[in-house]
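Enquirer: Sequence:
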Amino acid sequence: MAGNHLADLETIIDDLDSTGRVAHVNSEVDLKHDLAGIAAELEGEPRAVLFHKVAGHEAPVFTGLYWSRPLLAHLLRQDEQELPRYVSGCIQQWQKNPQDPVVVDDGPILQGRSGLSLSDLPVPVHAQKDGGAYFDAGVVIATDPETGVRNASIQRFMVVDDRTLHVNIDAGRHLGLYLEKARKLGKSLFLSINCGVGPGLHFAAATPAEAAPPESDELGIASEFHGAALQLVRGKMTPVELVANAMYAIECEMIPGETGDEGPFAEVTGYYARCEPRPVVRVRAIHARANPVFQTILSGAEVWNSVGLLGEANVLATLKRQIPGVQNVYFTHGGCGFYHAVVSLLQKRAGWGKQAIMATFAAFPPLKMVTVVDDDVNIRDASDVEWAMATRLDAKTGIVTIDQAFGHGLNPGFPDYLGCKVGFDCTRPFPHSYEYDRAAYKSVSLDMVDIGDSPAASIETTELAFNPQTDEQAGSLVAGGSSLTSAAVRVGLANAANEADSSSGPRRVTNDAAGNKTPRILVIYAGKDTDTRSQRQAADLFVELEARLIDYDLSAFERARTEVEFKSILKSFCGQVTHLIVISGGKRGKIRFADQQSVTSAKRLGKLINSLVESSPVQVLLCRSPQQIDEFAGKLSTARSIREAVFFDHQLSSDWVAHLLGGYFMCISSDDRTEVALRNAMPPAFSAEISVWRDGKPFTRLNAV
118 MAGNHLADLE TIIDDLDSTG RVAHVNSEVD LKHDLAGIAA ELEGEPRAVL FHKVAGHEAP
178 VFTGLYWSRP LLAHLLRQDE QELPRYVSGC IQQWQKNPQD PVVVDDGPIL QGRSGLSLSD
238 LPVPVHAQKD GGAYFDAGVV IATDPETGVR NASIQRFMVV DDRTLHVNID AGRHLGLYLE
298 KARKLGKSLF LSINCGVGPG LHFAAATPAE AAPPESDELG IASEFHGAAL QLVRGKMTPV
358 ELVANAMYAI ECEMIPGETG DEGPFAEVTG YYARCEPRPV VRVRAIHARA NPVFQTILSG
418 AEVWNSVGLL GEANVLATLK RQIPGVQNVY FTHGGCGFYH AVVSLLQKRA GWGKQAIMAT
478 FAAFPPLKMV TVVDDDVNIR DASDVEWAMA TRLDAKTGIV TIDQAFGHGL NPGFPDYLGC
538 KVGFDCTRPF PHSYEYDRAA YKSVSLDMVD IGDSPAASIE TTELAFNPQT DEQAGSLVAG
598 GSSLTSAAVR VGLANAANEA DSSSGPRRVT NDAAGNKTPR ILVIYAGKDT DTRSQRQAAD
658 LFVELEARLI DYDLSAFERA RTEVEFKSIL KSFCGQVTHL IVISGGKRGK IRFADQQSVT
718 SAKRLGKLIN SLVESSPVQV LLCRSPQQID EFAGKLSTAR SIREAVFFDH QLSSDWVAHL
778 LGGYFMCISS DDRTEVALRN AMPPAFSAEI SVWRDGKPFT RLNAV
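Position in the sequence shown counted from 1, then plus 117, gives you my numbering.
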């Protein structure tokens, strides 16, 4: 059980916001294309997004709850790598001892507004060729017309008018079976659409049919994740049940045989689903709780993670029952979270690789590809999986194809739900000879090794005289950690190239083609909390300041397999930059290499950049926590070239502010608490101009005295 904090979306948003995991969009956005466009730019970040101002509506819109595995790990209070095992364990516990939902007399969903129409809800139009506005995050609750057993599912509903929706139901889904049963009985099928609910309900709706047979009440899965029985209330206009604390709930009726055009819609595959005749849904009543938040899901990473995680959990449980050597399963993002599974296998018997392929396809029918690798391969690293395929796959005996197999209708590779599936047995022969043992080296601590480097080639420089008493003081930078993921960086660097201190003498700066003194900046991002969105924001602002950013996305460094290669790449920048900025994400920022080793300590990271600061006049901005900054700086051989900076996160001291602040100081944060803390920590006699950058908003200029 994950905990009761998962039962209510409002509680979830508050929980995420308290830990900096919500991006707040305060600019007004249009529901048609703009909202989804912004969400697409932020997709995959370890934070969700809350749109506060939606044109024509009072209610905010929330998205991104499922698009990041680290975000899900936080919600479930689990390690990211253990998510499939944890989810599998919860479902198995439900299978052994199901906890049924309870129907209560009243709930928040009945205490708000009723009598609404579909146009009153902030339903977005996502992709540019979508056929209309779509509900795509609502959990459908329907009952079997014959047995009365409840079912949970997620379907896409296209808005046609104020009282009509058209719905897509994939082949084989329980909702489609219920509709067919209702047709045979000559009845309507009643259902509810519950928008803005906890992850437990989404997991219940996404659980594969192989793990939740038709005779089981899937809503009990939500109870297992929430840690308490799911509460339902009865509908007011129809014989349906509503989630008691949903943000919105819609009572609906489907008349079998009634159809209308639905689509196109940008689906999880990255393609548009076709416009075809599909069932009509008649809206009979709409309820909204007080101060509702509308939830939507952007087709892509949110679906890959939510559905993929449930698929991984089911496959893992199935395989472990049949093949004890199975270690873990990963549904790749390149496979849309539906179509490609990578299985980690500790071989103890010949033939287990092919057996794992067949069992995986059986456990999750939408799959199109299965790759099985040995347990020494990182299944989440596409390069490592490719290495196993390139060096261990026997193309003559290791490829399994299954023609005319049932697949997923949204995949264009399965027209009419039929196509060819393929499995790759990339495991070593069993038993294997030493040729298949992965090369390994002794683990050596570089802290105890004195490593020197040749001076790097210099570039044309200009000697400048500098008088710190009369020349304008350069700006300083404060950046780093999780604050960087929620804000951009603005740096007062207009004159930073001229900076020197009284003890270091003249400084050299590079000239651009026009002879101007242009700051040249190398930014190294270290740590899982940094992200490409922040990097793009930083790059845009550096360009605005006419500073040349040498490299900001770690593209070169990500190719480094070892520390030695990293150091070699870093040396190539010697003489090319005036500023090196090391931004450390999270509490334990690190640089991880392709060989899975990493640089985590301040001492080791300091040694790696020694060659740069020894041979060039680089200003080093160390963006780490206060307790680490002294150690980090102390390990560099030329401390005089260091301009210290520190990551502020609500805990500031006057000493540090006085030490760091120059005449112009820039703080990055999207959190008012950081701004307030910064102002409160100002020394009494200190005067500074503070500019704070927030997403989607202009600079806020403050005068602090």
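Hints are supplied without guarantee of correctness; some may be wrong.
The calculated lysine-lysine pairs, modelled on DSS-like cross-linking and capped at a C-alpha distance of 30 angstroms, are [unchecked claim]:
1) Lys-149 / Lys-170
2) Lys-513 / Lys-465
3) Lys-246 / Lys-170
4) Lys-213 / Lys-437
5) Lys-559 / Lys-465
6) Lys-353 / Lys-304
7) Lys-298 / Lys-213
Simulated DEER-style distance windows between Cβ atoms [what the hints assert, rightly or not]:
8) Asn-214 / Glu-503: 39 to 45 angstroms
9) His-122 / Gln-228: 18 to 24 angstroms
10) Glu-332 / Asp-222: 26 to 32 angstroms
11) Pro-532 / Lys-301: 26 to 32 angstroms
Source of the hints: derived by calculation from the structure; they are not laboratory data.
Just so it is clear, CB atoms sit at the ideal spot from N, CA and C, and this is done for glycine as well.
Enquirer: Hint compliance check: list the failing hint numbers for this structure, sorted ascending.
Expert: The structure breaks none of the hints.
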